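Colleague: Assemble the whole structure, with the sequences as input and the hints as a guide.
Listed in order, the protein sequences are those of chains A and B. If you're matching positions, the first sequence starts at 4 in my numbering and goes up one per residue. If you're matching positions, the second sequence starts at 120 in my numbering and goes up one per residue.
No lab work stands behind these hints: they were computed from the structure. Careful: at least some of the hints might be erroneous.
[Claimed, not checked] Chain B residues, not near chain A, derived (Cβ > 10 Å throughout):
hint	residue
1	M120
2	E205
3	D208
4	T259
[As the list claims (entries may be wrong)] Calculated lysine-lysine pairs in the BS3-like style (CA-CA distance at most 30 Å, straight line):
hint	chain 1	residue 1	chain 2	residue 2
5	B	K226	A	K118
6	A	K19	B	K169
7	A	K132	B	K162
8	B	K226	A	K132
In this text, all values refer to a predicted model and were calculated from it rather than measured experimentally. Even for Gly, the Cβ is constructed at its ideal location relative to N, Cα and C.
Each chain, letter by letter, is given below.
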Amino acid sequence: MIPSDHFTRFYNEVFKFLESQGEAALQAYWLAISENQDRHTLDLFREKGLAGMRDYWEHIRIEENCDLDLELFEDRLELRMNACPSLGKVMDNDATAMDRYCDHCAGWIGPIMDKLGYHLVYDVIDRKKPQCFMQIFKDPEQALAAEKKAKLLMGWPGRAKN
Amino acid sequence: MITADDKPLRYNEGGNVHMDFHGATDTTIEFIIKHYGIGVMDKIFARVGKEVYADIRRHLMAGNAGELVKHWRHFFDREGADYDIEIDDDRIVLTVRHCPAYHHVQKITGQVSDHFCDQTIKTNQALAEGGPFSIETEITGPGACRQIIAKRPARS
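Modeller: And the structure:
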C-alpha cells in the first residue's frame, strides 16, 4: 500500500512521466482525475452551490491538514491556501519535484466548474511556493475582472472562457 | 535483519488522513495501464520504490530492514489496518488481513482495479532490487496479503 499520506509523491512521479509524453497526455490525466472527483463533488455542488463548495473544501482542509482560509460571499467563494500540504510533501521528497506540479489543481477543478456553469479563477502565484488563491464566481464578468489581478493564472482542459 | 534506532522516519506524517487519495490511486492505475500499458505503470512504481523511498531502500541495501518495518507500522496504524508482523532471524512477515486502501476504494467506487495491489508488489520489488533481501508479496484475498522480507541466499 502506498499510504494516502504519500499519494502526492506518487502523483508527482505520474506527472513527470506524463509530461514526457506531452501536454495532451497531462490534460487527459487531469480529466480522468476530475471525473474521479465527480463522485465527491457534483451532487453537493449542484444541490448547495457555493455553500456546498465551501463544505467540500472545509472537509479537505481538515482531512488533508491544510492551512487555508475559506470565505463564502453571496457571489463567490474564496480559498486562500497558506501552506499546501500537497506541494509541501512533493518538495519534501527524495525524488525531484515536477516543475508544474501545481497545475493539476485547476486541471481537475476547472472541468467540474465548467460542467456546473461556475467560473474558476485559479492563481497559483508562484509554482515554487505552497500557496495559491482560488476564486469561484457565479458571474463571468466578475471572473474576468479577477483574472486580470492574478499573478500566475492557471488554465485547464477544455477551459470555457470566463 | 533489524538494527533498531530512535530516529523518525524520513516521511513521518501525522494529523488527519485523507483516505480518498486511494480512489485517485485506483483511477491513476487504470488510466496509465489503459493508455500506456502495464510496463509503464510498473516503471512508475519502481521509481516510487527507488526514488521516493530512497531512505528505506538505503537502509535495506545496508542490511537493515527495520526502517521498512517502522514504515509499515506507522502507516498501517494511521489508516486502521488489521495486520501483524512476525520477525525472526531469517525473515519478516507482514500479514495484512484488512487493507484500508483496498477496502476504501471498494467502498467508494464499488470496484477495485485488478492491478491495484501492484502498487505494493512492484514498489516492494524496487525497494529490494540489488540488495541483500528479497521482498515477496502474496495476495491472499481481496484486500489481504502477506509481504515477506527474507535474506537472499549467500552466493557461493
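Colleague: Next step is simple, just say for each hint if it's right about the structure.
Modeller: Results of checking the hints against the structure:
With a cut of 10 Å on Cβ distances, M120 (chain B) stays outside the contact zone with chain A, its closest approach being about 21 Å. Consistency note on E205 (chain B): stated as away from chain A, and its beta-carbon is indeed over 10 Å from all of that chain's, at 18 Å minimum. Annotated as non-interface, D208 (chain B) keeps its C-beta farther than 10 Å from every C-beta of chain A; the closest such distance is 27 Å. No beta-carbon of chain A comes within 10 Å of the beta-carbon of T259 (chain B); the shortest separation is about 14 Å.
For a cut-off of 30 Å, the pair hint linking K226 (chain B) to K118 (chain A) stands: about 26 Å separates their Cα positions. A C-alpha spacing of about 15 Å is found between K19 (chain A) and K169 (chain B), which places the hinted pair at or below 30 Å, so the restraint holds. Among the hinted pairs, K132 (chain A) with K162 (chain B) is consistent with the structure: their alpha-carbon atoms are about 29 Å apart, no more than 30 Å. Annotation: proposed proximity of K226 (chain B) to K132 (chain A) is violated, straight-line Cα distance about 35 Å (limit 30 Å).
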